[in-house]
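Under full-length UniProt numbering, think of the first position of the sequence shown as 1, with each following residue one higher.
Source of the hints: derived by calculation from the structure; they are not laboratory data. Do not take every clue at face value.
Unchecked claim - When the alpha-carbon atoms are kept at most 20 Å apart in a straight line, the in silico SDA-like pairs for lysine to any residue are as follows:
1) Lys33 x Ala22
2) Lys153 x Thr132
3) Lys29 x Glu17
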Amino acid sequence: MSMSTAESTKQEAALVESSKKAAAYQAVKDYLKPEYRHVGIGSGSTVVYVVEAIAELDRDITSKMAFYPTGEQSRQLILNAGLRLSYIEDLPIDRALDVAFDGADEVDDDLNLIKGGGACLMQEKIVATSATKFVCVADFRKISPRLGTNWKKGIPIEVLPMAAERVLLELKEIGSQEPRIRSGLPGKAGPIVTDNGMLIIDAPFPPLLLPKDKESGVKGGNGEDGVWSVDALAQRLINIVGIAEIGLFHGHNGLQIARGAQKPVAAYFGMQDGGVKLMKAGDSA
């Protein structure tokens, strides 16, 4: 007897959840050291398992740690797990988070990320760049050779409401394919409003080039015909008046600079076979 569509969908969902859990538990095992005191907790469905893994550790260890959320979801996860909640604005300016764990919507061969599917991208970037080590945790669906290959919804961009229409126009002029203000439907009438009182524009672009593409002879990357490299597009976007933050995490990683890195030092992916794939900064894809 063949499996029904409903049964197949349920089985696939269970596989995805188990892969998220496997990645989260392995990342926590590898990167949460007993001597750490300040830990960033990101947003999204995979982070649920990160907090679950932390909560299962010896309380003599975790009771000495403070956990810093990127939004309301992670704040509630921290509280519900009985962990000590703190806020990034309370972290002394001369201190860094020891590690931050967060998910991603898409991860390319160079560990550039698209983030912001949950509309917390500004807080996520602040927490990631406040950490000595940023660790990404995701499932197999998020692996992609180039950003924009699998994640077709577009790059999340946080914008001031008064500038949204002008930003949409400029995004189209630089090659975005049907950028749009993110709707709150079906749960909320009108657009999504972020914790910062801003709107989210999702801006699709063709797959973003990497340095190795140029080295292999691929032309473009500076916006010609709408084709961009990750770094060039990120710089162009953040220079648009009215944009507060973008969902491209790029540039340096925590091995290259002591603090302020947007790219993770490692990314853990739960795979379909039950294993975990690890991509580390400095590895060749």
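Would the hint linking lysine 153 and threonine 132 be met if the CA-CA limit is 20 Å?
violated (30 Å)
Within a Cα-Cα threshold of 20 Å, do lysine 33 and alanine 22 meet the stated pairing?
holds (18 Å)
Holds or violated: lysine 29 with glutamate 17, Cα cutoff 20 Å?
holds (18 Å)
This entry does not satisfy hint 2, going by the numbered hints stated previously; all others are met.
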